[in-house]
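Dock the two chains into a complex; use the hints.
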Amino acid sequence: MQAGRCRVVVTGVGVVSSIGTGADAYARGLREGRSGARPIEAFDTTGFAHATGCEVVGFDPEPWLRRVPVDEAGRATQFAIASARMALDDAGLGEDDLRDRRGLVSVGTTDGGSDDGERLAASFVHDGPAATDPAAARRVPASRLATGVARDLGLADVEVSTIATACAAGNYAIGGGVDAIRTGEADYALCGGADALCRMTFTGFYRLGAVDPDRCRPFDVDRHGIHTGEGGAVLLLETLDDAVARGARIYAEVLGYGLNCDAHHQVAPHGESVARCMDLALADAGLAPGEVDLISAHGTGTKANDVTECGAIHSVFGSASGEGGSAAGEGGSVSGDGVPRTVSVKSMLGHTMGAASALAAVACALGIDRGFVPPTINHTETDPECAVDCVPNTAVDADLRVVANNALAFGGNNAVLVLGRPA
Amino acid sequence: MTGAVITAWSAISACGVGAEAHRTAYADPARRPDPAPVGEPVPAEAHVAADFDVTEALGPKGTSSMDRCSALAVATAADLATVVECPEGALRGADAHAAQEGVVAGVVLGTTSGSAQTQFDFTRESLTRKKPYRVNPALMPFALMNSAAGQTAIRHGLTGPNTTIAGGRMSGLSTLRYGSRLLATGRADAVLCGAVEEYGPARQWIADQRRADAGSAAGRPLGEGAAVLLLEPAAPDGGDHTGENHDGENHDGGDHTGENHDGENHDGGNHDGGDRTGGQDTGGQQHPARTPLAELLGIDTRVAVDDDPAAALEVCIRRTLERAGVAASDVRTVAVSAPPGELAAAERDALARTIGHADVRDPGEILGDTGAATGPFQVTLLLDRPGLALATAVDEDGNLGCGLLRVY
Numbered sequence: 001m002q003a004g005r006c007r008v009v010v011t012g013v014g015v016v017s018s019i020g021t022g023a024d025a026y027a028r029g030l031r032e033g034r035s036g037a038r039p040i041e042a043f044d045t046t047g048f049a050h051a052t053g054c055e056v057v058g059f060d061p062e063p064w065l066r067r068v069p070v071d072e073a074g075r076a077t078q079f080a081i082a083s084a085r086m087a088l089d090d091a092g093l094g095e096d097d098l099r100d101r102r103g104l105v106s107v108g109t110t111d112g113g114s115d116d117g118e119r120l121a122a123s124f125v126h127d128g129p130a131a132t133d134p135a136a137a138r139r140v141p142a143s144r145l146a147t148g149v150a151r152d153l154g155l156a157d158v159e160v161s162t163i164a165t166a167c168a169a170g171n172y173a174i175g176g177g178v179d180a181i182r183t184g185e186a187d188y189a190l191c192g193g194a195d196a197l198c199r200m201t202f203t204g205f206y207r208l209g210a211v212d213p214d215r216c217r218p219f220d221v222d223r224h225g226i227h228t229g230e231g232g233a234v235l236l237l238e239t240l241d242d243a244v245a246r247g248a249r250i251y252a253e254v255l256g257y258g259l260n261c262d263a264h265h266q267v268a269p270h271g272e273s274v275a276r277c278m279d280l281a282l283a284d285a286g287l288a289p290g291e292v293d294l295i296s297a298h299g300t301g302t303k304a305n306d307v308t309e310c311g312a313i314h315s316v317f318g319s320a321s322g323e324g325g326s327a328a329g330e331g332g333s334v335s336g337d338g339v340p341r342t343v344s345v346k347s348m349l350g351h352t353m354g355a356a357s358a359l360a361a362v363a364c365a366l367g368i369d370r371g372f373v374p375p376t377i378n379h380t381e382t383d384p385e386c387a388v389d390c391v392p393n394t395a396v397d398a399d400l401r402v403v404a405n406n407a408l409a410f411g412g413n414n415a416v417l418v419l420g421r422p423a
Numbered sequence: 001m002t003g004a005v006i007t008a009w010s011a012i013s014a015c016g017v018g019a020e021a022h023r024t025a026y027a028d029p030a031r032r033p034d035p036a037p038v039g040e041p042v043p044a045e046a047h048v049a050a051d052f053d054v055t056e057a058l059g060p061k062g063t064s065s066m067d068r069c070s071a072l073a074v075a076t077a078a079d080l081a082t083v084v085e086c087p088e089g090a091l092r093g094a095d096a097h098a099a100q101e102g103v104v105a106g107v108v109l110g111t112t113s114g115s116a117q118t119q120f121d122f123t124r125e126s127l128t129r130k131k132p133y134r135v136n137p138a139l140m141p142f143a144l145m146n147s148a149a150g151q152t153a154i155r156h157g158l159t160g161p162n163t164t165i166a167g168g169r170m171s172g173l174s175t176l177r178y179g180s181r182l183l184a185t186g187r188a189d190a191v192l193c194g195a196v197e198e199y200g201p202a203r204q205w206i207a208d209q210r211r212a213d214a215g216s217a218a219g220r221p222l223g224e225g226a227a228v229l230l231l232e233p234a235a236p237d238g239g240d241h242t243g244e245n246h247d248g249e250n251h252d253g254g255d256h257t258g259e260n261h262d263g264e265n266h267d268g269g270n271h272d273g274g275d276r277t278g279g280q281d282t283g284g285q286q287h288p289a290r291t292p293l294a295e296l297l298g299i300d301t302r303v304a305v306d307d308d309p310a311a312a313l314e315v316c317i318r319r320t321l322e323r324a325g326v327a328a329s330d331v332r333t334v335a336v337s338a339p340p341g342e343l344a345a346a347e348r349d350a351l352a353r354t355i356g357h358a359d360v361r362d363p364g365e366i367l368g369d370t371g372a373a374t375g376p377f378q379v380t381l382l383l384d385r386p387g388l389a390l391a392t393a394v395d396e397d398g399n400l401g402c403g404l405l406r407v408y
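If you're matching them up, the sequences are chains Z and G in order. Residues in the first sequence are numbered from 1 upward in steps of one, following the UniProt record's numbering. Residues in the second sequence are numbered from 1 upward in steps of one, following the UniProt record's numbering.
So that you can see chain G by itself, here it is in the shape it has in the complex (with noise of 0.2 Å):
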């Protein structure tokens, strides 16, 4: 047990802005875009959220340099900001004493290389000015790889606890892993858990190189977004959520495999639902605490030191079950992180060694390939189906590992 829930989460992406896009997408496939083709210098096919404009989205002021990271960080983020500073809505956890005091917020973000594109522009007006030092000095913050945890912090008023992880596709477990940490060792209240990928020649350039070496083929195309989850400490009660079945089974006989839910019920029904967030809607303030999405119930990583992934990943899988109690049979669902090349094959035989029979989904079938943003969106499409759910992720370095959640 972590201790932890997923209380709300936000979405951009290829799919739009906000959860509810996200949840038509996942629930329609023909409303997924295709991918479009994006021109020179680095020609390809990529799911960009075209929708979203820095300068539209944030304004002005302090966005004329920012990269696409930052800006995709700060803008899903919004929506939890709101939430969380609402003073109606008392944290479950927290004591009187820390509400009077305010809530300590903290933002966890998972990353790649942070802004590949804003880092390549830098070099290049180094390289190609008369001077090397006429570079924009404004560009220079948005370069370092924490910029989007600190930009979101900066926009929204977040003081707590402010950590970037370069996790890769590990982000998204990564970043769970260390925000519940957060919470159980009482350095925030709430966390702000998620990761941030964005789209430019830069990084289409080195994932091009990277895959040509790898032998691989072409590969899905690369996809760009951003997916923060809130984790806020669960009810010390044991809590009085929406699910009453915890074990998995017999929940309700319905099958939201996807086809058939439409954003109203998606989250079990019970929740008043509905505003950009995936969590409830706060401003009523008839249900001052939020309700869980999720508790998140373990989590174990490990390296594949012997470049055995597929065997390591089962490690983690048994293991995170049998630490949670829980029979291999009762996960009902499982979302990877499909890796590129062979890695995603590994990925997949751990689960068909472990849980053959879950239902499977893909961000990357939706999104394209979101590099770090991954984990958090894998999490994003396990929310509509009430039960155990497992989300599984293998980087390219080695690291590799799953989360075990209850979805209520």
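Next up, chain Z with everything else stripped away, as it sits in the complex (with noise of 0.2 Å):
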């Protein structure tokens, strides 16, 4: 970390997932290693020879949305409204706590509302444009999502800014909170990121042959790509010092991230251009490849993230591992070339795109709150060119002091969020 700046921490998480909604079930979701995929019923899959997908069941916005109507409120605006509140009261802070202060909402999202846009545009299809839903037009464009949450929360003096850098977003909204803080232009930020299930999105993906029939299985030598899911996750930033203040619990503190674009092609990731974003944000954080105990990766379960990512992080980390100072520390989580664990949250979540860095990242601060490994689940054998711990199917006990959460994205897009157990 470098001197002089002012420090971020997370003071609270909310999380809507397919494998537990708050941050106690979210938990023990993840320590169980339980899996989100079931059949998608979101939209019609008819034709569709599978569709298995992490749908999340028996939502009920109602008691989140508290002054945004619900019908208002795309699929994917109800999951960041919820997510907030509950990262709000994870924090032990009330809305009008936030009233007077300067904030940050961001939220990140692959299809904001297209849900409602397919739908509209089915309509259209059928009936021709004769055929009208004003309403759901209204929910069609993604600002919504971060403007619902201040508009829900009550928060006027706020910037906010839905970030749609599809399935990076997540960190990309939480970089800009810690930003936003560390300038001192933001007293406080929630940031996280939510995606709805969208027709759109599996169609794409399946297309591609980038989902898998069965199970989604990142770095295993079988894998067959991704399951779409959905949900939301939002952390609570604010900085170290209102925090101590103010006798808050810190799960995790925000050592620094990297952003970067490979510039190189639309949806095949590059290598080198992965690591360089892993450098910076460890250069953000003031910290060597040696002293991260454990990375989330990006870990779709597609053949090209997979090893393309695992590449990028033995080149990162492999040969450099030795500088660091928790190679051989408690945690003992480094294997043999030194390149630390490295679990995908998706092998339990589905790929849940714009909200997919931000449960992870959530995941990482209840890991190194709580002392555990999340698994990488549905695991039978390592792909050789993956080459890592991956803690097959089996969560683990560790004492985690600082992990990585990469993410990665059609267009390029790269970012990678370092979070620290609190000093």
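These aren't lab readings, by the way, just hints derived from the structure by calculation. Incorrect hints may appear among the rest.
Calculated cross-link-like contacts (lysine-lysine; reagent style DSSO-like; alpha-carbon spacing at most 30 Å) [unchecked claim]:
(1) Lys303(Z) <-> Lys130(G)
(2) Lys131(G) <-> Lys61(G)
(3) Lys61(G) <-> Lys303(Z)
(4) Lys131(G) <-> Lys303(Z)
(5) Lys61(G) <-> Lys130(G)
Below, the structure is given as structure tokens:
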């Protein structure tokens, strides 16, 4: 960490996910290695040979939305609002505590209101332009995710942004919150990601041959792709000083983050650039690779992602690990070549798109706070081309000091977040 | 102070391609194209960027499935990417080390929902073909909202932070604020900041529904376009920029209200002026550091949680002026976002209560409603008149704010 810079910590987390809603249920799901996979019901899957996804079942928006009418909020907005409320409660703060402070609300998303958009498109296809659903049309703009959070919490003095950087959007949003606090422009940040299951995204990945017909198994030699998922996750960030002053529980400190763009290919990740992004994040955190105890990988379970990402991880951590402090640390968390344990929570949650790296960041914070490493489930045999200790199938107890959370996206958008145990 | 300056800009819209085409249209109402009728399946009148053809602009490779949003962004950014990459164009704020390693240029683009047309076409294919997955796989990445920013990076080799903000009509202010923070935190040496909105039947159809339900009149026609500003750190010494008088008064006695400038002296007359970008021509190698066109003094935003957008915007304006230490009476020019329906009146009300004397400009009068792109277009409308200028924005979902510029 760099001298003179204000330190930013996570003091509250909120989660809506297919394996548990709320910090405690989510932590239990992670620890138990629960799978959120089930037959998709969110949209008509007739004609697809297989359609397994990680859907959030039984989510009721009513208790969470207090000011924004439920019919004005699309499903992703509902997830964002619910997650934000949970994060606030979890941090021991009420809306009124934030009213007079300057804040930032940032929600990452891939699809925004596209679930409403594609239902509108379907009515156009079936009934022509005369078909109308003005309420749905108003729910389409993605800006409503972040603005919805501010409106529902009654927060006026906030900078709000919906970050639409596809599957890395959650980390982008969290990083934006970190910088607003570091520069003194915000006293707190509510940031994370949200996405609802979307037929378009499922169809696109299916067409690309990137949906596993059976189960999502990152790093496995027999992996065949993602399962699309949905959910939301929001973290409450504030300065270490504020958190200490009010006696807050601190899950983790945000030590740094990095952003870059491959500028290479629309859908194929670029290993060198992904490695560079991890380097940027470590540099921002002032850490050497060897000080990282755990990597929460993007780990989608596609052939291309996992090989490329693991290659990048090996290039950053494999040779340089000896320089760091904790390779032989209490966590005992490195494989033979110095690469830290590398897990994918997408094995449990599916690929929740813009929510993915936010859900993973919360998993990292919970892992640090509660001393465990979430497993990579559905694992049989590690692909030698990946060659990581992915903590197969069963969580392990570990003393985690530093965790890196990777996010990659179509468009070559990379974002890596580094969280650490509060000093 | 954000510490950021705007050093160049480019745009594509119904007015044409490049900054010069826009300056011409801004200056002369006779050069502004009327909205043209667009036909089936959703008849309307719109300000379409008719001069812009995707394949013509970007070539055949990789463009057969490309959405207009992405293509407009890529083509608009081309001018600025060239400026950034120019080895002689060493950046004012960059140290020698950074210059040696190359400029880290980021891209921050605003949108409403990405390419509504690509999303619509994708869903239609899935619903009408024999099998629901018999879609064109090449469409998929273009259907995502980050396609424009990602494509801009890929086509121009920009490896810095690459962020898409779905800000709707707030996109201009949101991207400038985010972009200047990337500069302040050292995450980028330069940022291409802007927004893009395509025109197509899908967007028209959704807009029609939103309007119908809001009970508002037909409103102004939709427009399409992209505008991108090059944002860089201000010179560390406070600048040797061209404008001597920073107080917005007595600058030159001239009245650049839009009737008499001709594109040659648009930016104060002290620049070399000229090429397609709004900034200085770095190709001359006489002045390696780009001359700023304007300094970004401050941005403030709020959410109108109590459904009183005029009051919330008034708070933003007063706070922004106060933080910058300037008087409202010194602001000479204002550009409005002119949202549909009653919100436009709220925006005007807030201005009447604070900066009622200023010359008000509205890009929608020239370009139609360009949605997310309205914001950066507002800024381009302010750059011809030295002194203090303000851009306001009000989005339909309650997010609003203003940005204060010192135009040189």
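Inset, instruction - Compare the distance between the alpha carbons of lysine 61(G) and lysine 303(Z) with 30 Å, and conclude whether the hinted pair is satisfied. - result: Holds - the C-alpha atoms of lysine 303(Z) and lysine 61(G) are around 26 Å apart, at most 30 Å.
Legend entry - 30 Å limit on alpha-carbon distance, applied to hinted pair lysine 131(G) and lysine 303(Z): Between lysine 131(G) and lysine 303(Z) the Cα gap is close to 25 Å, so the pair holds against 30 Å.
Legend entry - Agreement of lysine 131(G) and lysine 61(G) with the hint, judged by alpha carbon distance not exceeding 30 Å: holds (28 Å)
Inset, instruction - Assess, step by step, whether the Cα of lysine 303(Z) is no farther than 30 Å from the Cα of lysine 130(G), and give holds or violated. - result: Given pair lysine 303(Z), lysine 130(G) holds - Cα atoms ~28 Å apart, limit 30 Å.
Inset, instruction - Take a quick look at whether lysine 61(G) and lysine 130(G) sit within 30 Å of each other, Cα to Cα. - result: holds (29 Å)
Of the hints listed earlier, there is not a single one the structure fails to meet.
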